[in-house]
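> Sequence:
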Amino acid sequence: MAGLERVRDGIRLRLDASEVDVVASLAEGLARRAEGADAGQQDAVLDRLAPVASRGDAGADAELRPMLRDELLGIRVVRLDDLAELLRAGEPSRDVDGFDRVLDRGTAMQVVEALNDLRLALAATIGFDGTLRDELPDDDHRADAVRLMDALAWLQGGLIEYVETDPPR
1 MAGLERVRDG IRLRLDASEV DVVASLAEGL ARRAEGADAG QQDAVLDRLA PVASRGDAGA
61 DAELRPMLRD ELLGIRVVRL DDLAELLRAG EPSRDVDGFD RVLDRGTAMQ VVEALNDLRL
121 ALAATIGFDG TLRDELPDDD HRADAVRLMD ALAWLQGGLI EYVETDPPR
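When you line the sequence shown up against our numbering, it's residues 1 to 169, in that order.
Check the hints yourself; a few may be wrong.
Computed beta-carbon distance windows for the label pairs [as the list claims (entries may be wrong)]:
#	residue 1	residue 2	range
1	Glu63	Arg133	32 to 40 Å
2	Asp21	Ala153	13 to 21 Å
3	Arg8	Pro66	45 to 53 Å
4	Arg133	Asp9	20 to 28 Å
5	Asp150	Arg32	23 to 31 Å
6	Glu161	Leu64	30 to 38 Å
The hints are simulated quantities; they were obtained by calculation from the structure and are not laboratory data. Ideal Cβ placement from N, Cα and C applies to all residues, glycine included.
With the sequences and hints as input, model every part of the structure.
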């Protein structure tokens, strides 16, 4: 089970092998989807990752968005690939069959940003909004995606708390 622990040199992130597989696979899949994006094709997930460039001015948005979309998606591809590489290259430990590594502040923030991309993509995939959580029965396939979004949010929150707090003395 995922775990975070503040240690002297950073924050220790632990994920079991199945968690590594899920998160790394999602990151790799989303990166490949963004990499192969066709600017003219509607894609709710990629549109969420490269949002409206100019609210309230459709003309300006139509002009700016294509220019910014490739750059924004390119940034996300690098971030997602870095996350997958980090997780897949994790050192196995005696206690955890998966990922167990101490992250510094910079790496922790990079992980936060990539996890956010995954959460945005999951939300767009299932049409998540604030009311969906309360309406979903447990046997709805989208409930699994919501639980995964919640787990990623928990990891993000712990990493953000670490990044934003003063280092221990």
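> Compare the structure with each hint and give your call.
Now the hints, each set against the structure:
no., hint, verdict
1, Glu63 <-> Arg133: 32 to 40 Å, "37 Å, holds"
2, Asp21 <-> Ala153: 13 to 21 Å, "19 Å, holds"
3, Arg8 <-> Pro66: 45 to 53 Å, "47 Å, holds"
4, Arg133 <-> Asp9: 20 to 28 Å, "37 Å, violated"
5, Asp150 <-> Arg32: 23 to 31 Å, "25 Å, holds"
6, Glu161 <-> Leu64: 30 to 38 Å, "35 Å, holds"
The structure shown violates just one earlier hint, number 4.
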